[in-house]
Amino acid sequence: MSPEIAQNDILYHVSLNARPTESIRQYNVALTICGNHAIKVFMTTAPTAAPRISIKDVALTRGARPVLRGLSLAVHAGEVYALLGGNGAGKSTTVAALLGFLKPDAGQILVADIDPVENAERARREIAYLPENVALYDQLSAYENISYFMALSGKEPSRDAMDAALDDAGLQPEARALRIGGFSKGMRQKVAIAMAVLRDVPVLLLDEPTSGLDPRATADFNALVTRLKARGTAILMVTHDLLGAADCADRIGFLAAGQIVEEVVPSKGMDVLALHHRYGEVAAA
Amino acid sequence: MTTVRLVADNEWRLMRRSRVAQLALLILIALSVIATLTSIAHRDANDDLRARFQAQADQEFDGQPARHPHRMVHYGHFVFRPLPALAAFDPGVDAFTGSTIFLEGHRQNSANFGDVRQSSLLARFGQLTPAFVLQVLAPLVLVFIGFGVVAREREAGTIRLLSAHGVTAQSLIFGKALALGRVAGLMLAPAVAALLWLTFLEGAPIVAALGLGLFYAVYLAAWVLIIVIASSLARQARTALMVLLGLWATTVILIPRVAPDVALAFAPVPTRLETDIAIQRDLRRIGDSHNPDDPHFAAFKARVLKQYGVDRVEDLPVNYRGLLALEGEKLTSRLFDDYAERQFAAERKQGAIVAAFGLVSPAIALRNFSMALSGSDLDGHRRFLKQAEAYRFDIVQRLNRLQAEAVTFGDDSNRNKDPDAGRRVRIDPKHWHDVPDFAYRGATISEKLESALTGAALLLVWLVMAGFGVRIAIRRLEAAL
Chain A
1 MSPEIAQNDI LYHVSLNARP TESIRQYNVA LTICGNHAIK VFMTTAPTAA
51 PRISIKDVAL TRGARPVLRG LSLAVHAGEV YALLGGNGAG KSTTVAALLG
101 FLKPDAGQIL VADIDPVENA ERARREIAYL PENVALYDQL SAYENISYFM
151 ALSGKEPSRD AMDAALDDAG LQPEARALRI GGFSKGMRQK VAIAMAVLRD
201 VPVLLLDEPT SGLDPRATAD FNALVTRLKA RGTAILMVTH DLLGAADCAD
251 RIGFLAAGQI VEEVVPSKGM DVLALHHRYG EVAAA
Chain B
1 MTTVRLVADN EWRLMRRSRV AQLALLILIA LSVIATLTSI AHRDANDDLR
51 ARFQAQADQE FDGQPARHPH RMVHYGHFVF RPLPALAAFD PGVDAFTGST
101 IFLEGHRQNS ANFGDVRQSS LLARFGQLTP AFVLQVLAPL VLVFIGFGVV
151 AREREAGTIR LLSAHGVTAQ SLIFGKALAL GRVAGLMLAP AVAALLWLTF
201 LEGAPIVAAL GLGLFYAVYL AAWVLIIVIA SSLARQARTA LMVLLGLWAT
251 TVILIPRVAP DVALAFAPVP TRLETDIAIQ RDLRRIGDSH NPDDPHFAAF
301 KARVLKQYGV DRVEDLPVNY RGLLALEGEK LTSRLFDDYA ERQFAAERKQ
351 GAIVAAFGLV SPAIALRNFS MALSGSDLDG HRRFLKQAEA YRFDIVQRLN
401 RLQAEAVTFG DDSNRNKDPD AGRRVRIDPK HWHDVPDFAY RGATISEKLE
451 SALTGAALLL VWLVMAGFGV RIAIRRLEAA L
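Taken in order, these protein sequences are the chains called A and B.
Per the working numbering, residue 1 is the first one in the first sequence, and the count goes up by one each step.
Per the working numbering, residue 1 is the first one in the second sequence, and the count goes up by one each step.
Extracted from the complex, chain B is given alone in its bound form (with noise of 0.2 Å):
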């Protein structure tokens, strides 16, 4: 047996038999195994909620009676973004960013422009998950059960005796490092039996189930060798613990709390009245399609009749209001585009800012790649958002479509004075059954793999420096021996 074995084989023997460690990690796999437990029955339940609402929701939208088009333009329609098998593992921004929709013409959806997807107010603690637990609660626990790993080896004297023995520093280290290895190991075990629960039961894609398992090792491993290192130049053990718990808060705690607000500060974002307002006023720089000295619908106007070569509108083959509002909806939808677009890029340049900040904290890098690659980060939230604000503009458009070819102007004119104008443009409710269905696409694995290529790669430079920091430890040992 080689003595980094031997050394580790010692040390865990120590843990087993020290109470403290023992039920501290006995609480942590409690609360792992509890999150897992809740977080896949909360996401299966959650998922069956809102399929069964979305179907609910589709099956009102088809079921109205006949109606005027334009009601059912303001009708509306709800739309649900279906939940991610991963979601379970990390639900990331889901609880935040909420993930029903209401979808009604000339309105921009209304989740768009919400306040809470504000990057800052997204980096708080979460529910009880098991991302919660590793990403947070794991590396207090390392903490406490490996600061003294090394410190009260020195501090005992055992140190002496072990380089009596034989046993060089860098054995000392790797074999300490390796039994917190195993430590980590026994903390990772039942989010690694949720990945394959959520695999193979739950159809999550393995590629990403593989990623988060490898990676959250990579972040209980970088860890485990900061623990190790602190232990093995502090010159006593509470020194260690100190310095830990300071690195431990300031990484996990603080720095994820800070950096968003950094980031509001360099790439600020309107809230959403500030917004509202803004988009009021350019809705009426615009035009207004009811005013007949609008320049804008005076060209329109002019441009359809000469189109159709006719001189009224009352002449036109179609129902000129539902011209009308086909063009307002695509002037109106145009704009709220662009501020979705210019929202969407302030959120990614604070995004980028917040994921800058994985270089002095771990916890933002693993957050940030657990999230992407679970398929519950912000892009996720921003891809259903695009794809909710598509749909509505379609369900609109062919809304406003039937009202243009299926309702004519005169009665269209007379609805309110005539009843049976009124009775006429109420149009068959089979119309209404044409409109798709809402079909969310997630984002495919090489998509959520380059989403989480950042965070990986901070989470290897972790690793790395961590690496050279335990070969900086080996040699001040080497110089205490």
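So that you can see chain A by itself, here it is in the shape it has in the complex (with noise of 0.2 Å):
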């Protein structure tokens, strides 16, 4: 493998109209090198098109305390977008405000070409959301939790497909029947993953994903990350952890006062320990 050709990266992006029934949308390959020589081919739907998750000049007042101040950003199908910012910068509450849950006082924002302030419910049902701390059913089993939700969600997914998504997504077997109860953060945070997998939806968007997690479960999460951008999915990564963002985000947002104050596209060979220094200065400020 060539030194500066990583797994799971994604080397082209070729255009292409995909299926003569869709013909008005555009699809994407995506090609990446898997193994040491084997080359996996995604269908992506094209950046071309209109961006997943759309936020314009957006204001927004928690109480009396102005969180959000004119925060703009874009996020197309098949990117994944890193959010970074200190405590207290907005990075949460822009995605309470993308999930419906809060009403921005100005500018607009769009999910899958919906407004979640106008229709909730159905900008909910194009999103999937992990929070920092996946919260299920401690007395269900991970198939349990899953083919819950999915009912919520209109889906009724068999056990292979089930047993598909948990593969994607990481959990071993022998714990899939057995109660969450006890699961880790990252054994819930798999089975939330699965549940991502198996809704199909256009956007996901993960609030502190590893927050909490040891280094060999924050690598394998930046690699479901990387799996679900492959599928073409939207993602919006809200996180303090800037070496998996730039592990395996197309960009990298620094929110500071409720706004971008810096957009970075992480490459290979960057200088992350500078990068980390400019989180620091944006952060502290």
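The set of hints was computed from the structure by calculation and includes no laboratory data.
Some chain B residues close to chain A (C-beta under 7 Å, calculated; not the full set):
{"hint": "1", "residue": "10"}
{"hint": "2", "residue": "14"}
{"hint": "3", "residue": "156"}
{"hint": "4", "residue": "157"}
{"hint": "5", "residue": "158"}
{"hint": "6", "residue": "164"}
{"hint": "7", "residue": "165"}
{"hint": "8", "residue": "166"}
C-beta atoms are modelled at their ideal positions from N, C-alpha and C, and glycine is treated no differently.
Both chains come to you apart, so use the hints to assemble them.
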């Protein structure tokens, strides 16, 4: 393998009309190195299409405190956008607004072309959301949790489909029928990721997904995110974890005082330490 | 499958996996079954016993030897109130008021004016009956099983995930209520079985049994909604539990015990001793038939002599002593009836005050409704007292009439001096057979429904109020999501 090419890196985006019946929509082919020599081909929606997540000049006040002040960002299909910022910068508020839990005072939010303020229920159908602490039912098994939440989304996945999704998420088979009360945070996240995979929604929101995970679990998670991205999911990841963001994000936005103050495109050989210092400055500001 | 159904099914599954919920439900159902079986057995045994005692009392009365009719007046007679079939479901006040009365001449029946009928003393915990289990214990178990149905989702954070999966506040609350409603249905099942048993095997009126089943369901439904509301509004499950326990203790225990005392303060009923003294005072005022100077009885004597066109009581074609007994009984009975009516009116006023507390305590509304439809309320007891009193008056006056017509004045006056006269005043015992047996007529179903109307209306008010509460809870939860 070439030293410049890492496993799961997307090498090329090729635009083409994939299906005659859907000629209006454009698809990309993402080529990814998988293992030493194999090449995986994913169909992804074209980045040239409208962004899956669009936030334009959004201002939002919580209580008397303005949290978002003219925030703008866009995340396209097959793209991972990492939103970094210190405590109180407005990261979780951004996620809550995308889910329609909070109403902006000004500006516009669109999720898969749906305004979550106008139609939160429809917008939420297009979103898979992973909160910082994945809250599932401890008395139910991974299978039962998945089938319940899938049913709420109007889907009834077979056991095979659930196994495939859990394989993707990396949850060991022997744990799947056990009640998840004894699961670690990482295992719970895998269950939640499997749900996101099964829902096959265009948008994935991750709220501090790697906080509290050990380095191995963090690496596993980042690999999962990369796989989901390769499927064409638009992923907005709210995080403190700069290294993780640099590892799997296409763009990193530094959020301070409710707006993006700097946007970085990670690249191979990027000076992560310098970036870390810059992040520290932004977070402190 | 609708979202409401999915939420309900999942909650039901979680409840089934909770040992606390399983145990609480199991204990309640076991209590309900035990209460049902023991109550039916107890009622059947009691009813048999009462029927046997009534037959024995009738037989003993009929089997009395030749006696002076006035001796029979004081020999007296026992009457027993038969228990309605639905008293097995809700024995109501039966255990406190009793169902046996001794009837004797010149005396009000032994149960009237009893202190035990004061409504304050009737508002106590009952024995273990299906009604008690559902009125008192079922809401408590529902609270323990359901306090966290929504609050726990909020605490655990699953509520956000549910919302992110398109579950609305309304679907969530309705789903949780449906799941808790299923628990309530399980709690109600043994009682429904008991009602079916009593209807088809023991002859209870089907309309009353249906009414009981329906309004116990309304009561539990109101509790289910109250629990879901509290669980939705509370930030923590623990807070919801404390609020609900407080509500249960207040509405099911405290108010039903305080309300009768308030009623007693606003509508006092004299004690039996006070009533007895007042009656004795009034009796003296009415007159003394043994005193020749008593104005009332002097006038009565003059009226009788004039009616029969004679100058002396000895010349009357009937026994004047018998006529005196008839007149005396009429006067005393009228007095007794006046006092009884006053007492009944005060008790009704107390009952109305207690019933009004049904607005703040659904347990009071249900208890009144349940006792009325089961025929075991205070109205039913008063009906028995009235019928017993009418029966007492009838048999005493029959015997007094026998004294007037079958015993001569001369023999009656000399019965203690002349052994032959003493023998002649003992009339043929066949007369005792002519005295009819006591036959209690219970309330008709329409009378029972009329008595139960206030309780039913208050229960519906509770259900409607709970419905409004649910709307508020949905709005608050929507805002919180």
